[in-house]
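> Make a model of the complete structure from these sequences and hints.
2 protein chains.
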Amino acid sequence: MQDNGFEVTPWDVEGNVDYRKLVEKFGTEIITDKLKKDIKKQAGEDHMYLRRDYFFSHRDLGKVLKDHERGDGFFLYTGIGPSGPMHIGHIIPFYFSKWLQERFDVNLYIQVTDDERYWTGDGTTEEIESYAEKNIMDIAGVGLDPDRTFVFKNKEYMGNMYEAAVKISEKINFSVASSVFGFNSSTNIGMIFYPAVQMIPTFFEKKRCLIPAAIDQDTYWRAQRDIAEKLGYHKAAQIHSKFIPALTGPEGKMSSSKPRSAIMLDDSPAEVREKVMKKAYSGGQVTKEEHRKKGADLSVDVAYQWLKNLFMENDDRLEEIGRKYSSGEMLTGEIKEILAEKLNSFLEEHRKRKEDRGEELKRKMMYEGKLARRMWDKKVDLR
Amino acid sequence: MQDNGFEVTPWDVEGNVDYRKLVEKFGTEIITDKLKKDIKKQAGEDHMYLRRDYFFSHRDLGKVLKDHERGDGFFLYTGIGPSGPMHIGHIIPFYFSKWLQERFDVNLYIQVTDDERYWTGDGTTEEIESYAEKNIMDIAGVGLDPDRTFVFKNKEYMGNMYEAAVKISEKINFSVASSVFGFNSSTNIGMIFYPAVQMIPTFFEKKRCLIPAAIDQDTYWRAQRDIAEKLGYHKAAQIHSKFIPALTGPEGKMSSSKPRSAIMLDDSPAEVREKVMKKAYSGGQVTKEEHRKKGADLSVDVAYQWLKNLFMENDDRLEEIGRKYSSGEMLTGEIKEILAEKLNSFLEEHRKRKEDRGEELKRKMMYEGKLARRMWDKKVDLR
Numbered sequence: 014m015q016d017n018g019f020e021v022t023p024w025d026v027e028g029n030v031d032y033r034k035l036v037e038k039f040g041t042e043i044i045t046d047k048l049k050k051d052i053k054k055q056a057g058e059d060h061m062y063l064r065r066d067y068f069f070s071h072r073d074l075g076k077v078l079k080d081h082e083r084g085d086g087f088f089l090y091t092g093i094g095p096s097g098p099m100h101i102g103h104i105i106p107f108y109f110s111k112w113l114q115e116r117f118d119v120n121l122y123i124q125v126t127d128d129e130r131y132w133t134g135d136g137t138t139e140e141i142e143s144y145a146e147k148n149i150m151d152i153a154g155v156g157l158d159p160d161r162t163f164v165f166k167n168k169e170y171m172g173n174m175y176e177a178a179v180k181i182s183e184k185i186n187f188s189v190a191s192s193v194f195g196f197n198s199s200t201n202i203g204m205i206f207y208p209a210v211q212m213i214p215t216f217f218e219k220k221r222c223l224i225p226a227a228i229d230q231d232t233y234w235r236a237q238r239d240i241a242e243k244l245g246y247h248k249a250a251q252i253h254s255k256f257i258p259a260l261t262g263p264e265g266k267m268s269s270s271k272p273r274s275a276i277m278l279d280d281s282p283a284e285v286r287e288k289v290m291k292k293a294y295s296g297g298q299v300t301k302e303e304h305r306k307k308g309a310d311l312s313v314d315v316a317y318q319w320l321k322n323l324f325m326e327n328d329d330r331l332e333e334i335g336r337k338y339s340s341g342e343m344l345t346g347e348i349k350e351i352l353a354e355k356l357n358s359f360l361e362e363h364r365k366r367k368e369d370r371g372e373e374l375k376r377k378m379m380y381e382g383k384l385a386r387r388m389w390d391k392k393v394d395l396r
Numbered sequence: 014m015q016d017n018g019f020e021v022t023p024w025d026v027e028g029n030v031d032y033r034k035l036v037e038k039f040g041t042e043i044i045t046d047k048l049k050k051d052i053k054k055q056a057g058e059d060h061m062y063l064r065r066d067y068f069f070s071h072r073d074l075g076k077v078l079k080d081h082e083r084g085d086g087f088f089l090y091t092g093i094g095p096s097g098p099m100h101i102g103h104i105i106p107f108y109f110s111k112w113l114q115e116r117f118d119v120n121l122y123i124q125v126t127d128d129e130r131y132w133t134g135d136g137t138t139e140e141i142e143s144y145a146e147k148n149i150m151d152i153a154g155v156g157l158d159p160d161r162t163f164v165f166k167n168k169e170y171m172g173n174m175y176e177a178a179v180k181i182s183e184k185i186n187f188s189v190a191s192s193v194f195g196f197n198s199s200t201n202i203g204m205i206f207y208p209a210v211q212m213i214p215t216f217f218e219k220k221r222c223l224i225p226a227a228i229d230q231d232t233y234w235r236a237q238r239d240i241a242e243k244l245g246y247h248k249a250a251q252i253h254s255k256f257i258p259a260l261t262g263p264e265g266k267m268s269s270s271k272p273r274s275a276i277m278l279d280d281s282p283a284e285v286r287e288k289v290m291k292k293a294y295s296g297g298q299v300t301k302e303e304h305r306k307k308g309a310d311l312s313v314d315v316a317y318q319w320l321k322n323l324f325m326e327n328d329d330r331l332e333e334i335g336r337k338y339s340s341g342e343m344l345t346g347e348i349k350e351i352l353a354e355k356l357n358s359f360l361e362e363h364r365k366r367k368e369d370r371g372e373e374l375k376r377k378m379m380y381e382g383k384l385a386r387r388m389w390d391k392k393v394d395l396r
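From first to last, the protein sequence lines stand for chains A and B.
Anchor point for the first sequence: position 203 equals 216 in the numbering used here, and the numbering is continuous, going up by one each time.
Anchor point for the second sequence: position 368 equals 381 in the numbering used here, and the numbering is continuous, going up by one each time.
Given that identical chains are not distinguished, each listed pair holds provided it fits within a single copy or across any two copies.
Listed below are the simulated DSS-like cross-link pairs for lysine-lysine, each with C-alpha atoms no more than 30 Å apart in a straight line:
id, residue 1, residue 2
1, 243, 166
2, 184, 147
3, 184, 271
4, 53, 38
5, 166, 392
6, 47, 111
Source of the hints: derived by calculation from the structure; they are not laboratory data.
The following block contains the structure:
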């Protein structure tokens, strides 16, 4: 779909995005203060992503909270397409999932879409396999509960899921699939089948499934929500984030294929600092004099946006930075230093967890943890 | 495709068929006397299906024979869609495969398309599973080599095949799939994926794959023949049979959904005799007097056609029957008695093998035989 200069399809997001329009367009709901309060109450604490409206939209989140309150529980589902190294934007949703998992004590399923990446032509079999292993190691670095998290590669796990894939795919016709995913007559038949594969984990449990993802993923789940109840399951609930702007500016999102536009998880502290100082799009003025007079435009300043949405926990400190930077008291170089430091401490912690326990966590989440063992022992058959 | 009053698509065959036109239409080749001689020489004996032109058309059969002569070998692939009980028309190709397997000492792969039958809406999961078990027992009754035959249900074996399915499906787009299979926008995305699944066994070995099937199946393999060499494999070779006319007449073929039009494998001798005597479409004349004068039209007489194509081994005896029946010397009741007797002795032998060794053969062909064990141990990955 193309509209008002911004384009949002499941495959591609570019342009400066008006989130309120997106909510209207997709027909999702804004996360209200009431809902935020309910989450805080049930979780026992707040999360900055919600407080700052980085996660800002949802479907059926109220029902998820009711299910949890009643003791019926729910489960989380997210995924990763292994076609390159991971950047900050890829890993953030896993950290949010970790918080949800800990606070609500729920299972988390992570689909590694090695089949879909092949169908989209994003690499050879060998390249995709190699990225899958690396990406899973990065997910291990998040420190998810290894007994409540199941990470599976579609190609490897399909033996346990095909019965479900057969039943789901029978319920979706080409017309629906192509309107949701933008297929046409030159789309390969693997890709056409993929919506069914992507949907399987929403039926892993009879409980309600909550999917944390950027809002452009919402369309993906339209077909699931159409058929779930016919199959005796719940419509997938969702909690939607905004897009993380690329380092180089608010016109689009980070991409592994443009590594200079993103902070990669394996960037060294010096690389991070250099990228931020040199590449981060600034809302500040061109000359120091002008900046002192006019101040910065926070709405397009990448350093400020990243701090606000993702890295600056402390509300007072954020408010102070915003005030000083927008008034011209703080210079671009200064706010960039703050971001570089935050990024490097985030990445250092991530890498340390990965080095210390990565291999063990990966093995457990994939094969040996409690949930993984249960999943390998069963056929997902929707009965 | 619809043309000249007969319709031949992979899903449906009806009407009186001109086989020579079909060969032209599909662009296949007639099995020449030279080829028949080569088969006889290499097989060490003749087969009546070839002698009588029941198997009458092919693709690349000459190459298959050359491969065999050179010692490179080949393998056989056929399948069954488990949506009902089997009739005579279903089991005949397995008997021909058995002969090919024995004479050429080759592996035979039998795909049970429990996924496809679900996608075509031919039953509930439970019905299809139940028919799959029964159909496989009937295949066991054929007495195939249990160490060189692998019978697999797609849903059960997909874990070993999905890697191949991913690679194959990437090479086929909706346009090609829909032109071959007649898909449209209301076709479900499982069915759209199915051409890739059906194709996988043609890549089970690096040798040439020979598919024995009725000629209407030819189109199925067009996409395989388009992509096989790109994947480093051979184009699937085929040997095509005519359609077995329904008991009730030459207008179409037998169908399990019209059990009175077919001889079912579990029909009792009395039922077989009654169906043949009462339902078999006759080329004879209405009154005895007229018949004695004009004789029978062999080309539409089901009893004669079945004897000629399938059940009367003895050439002299067939010639005698044809001569006497067409001249009016033999009556319809007499030729029907001959057919009923042949059918019942065929079915009795089949049932006896099934009762004596069916369970054992089924287990071996599916799981415990040499070939089955090898197939369960490996991933079909096209590498």
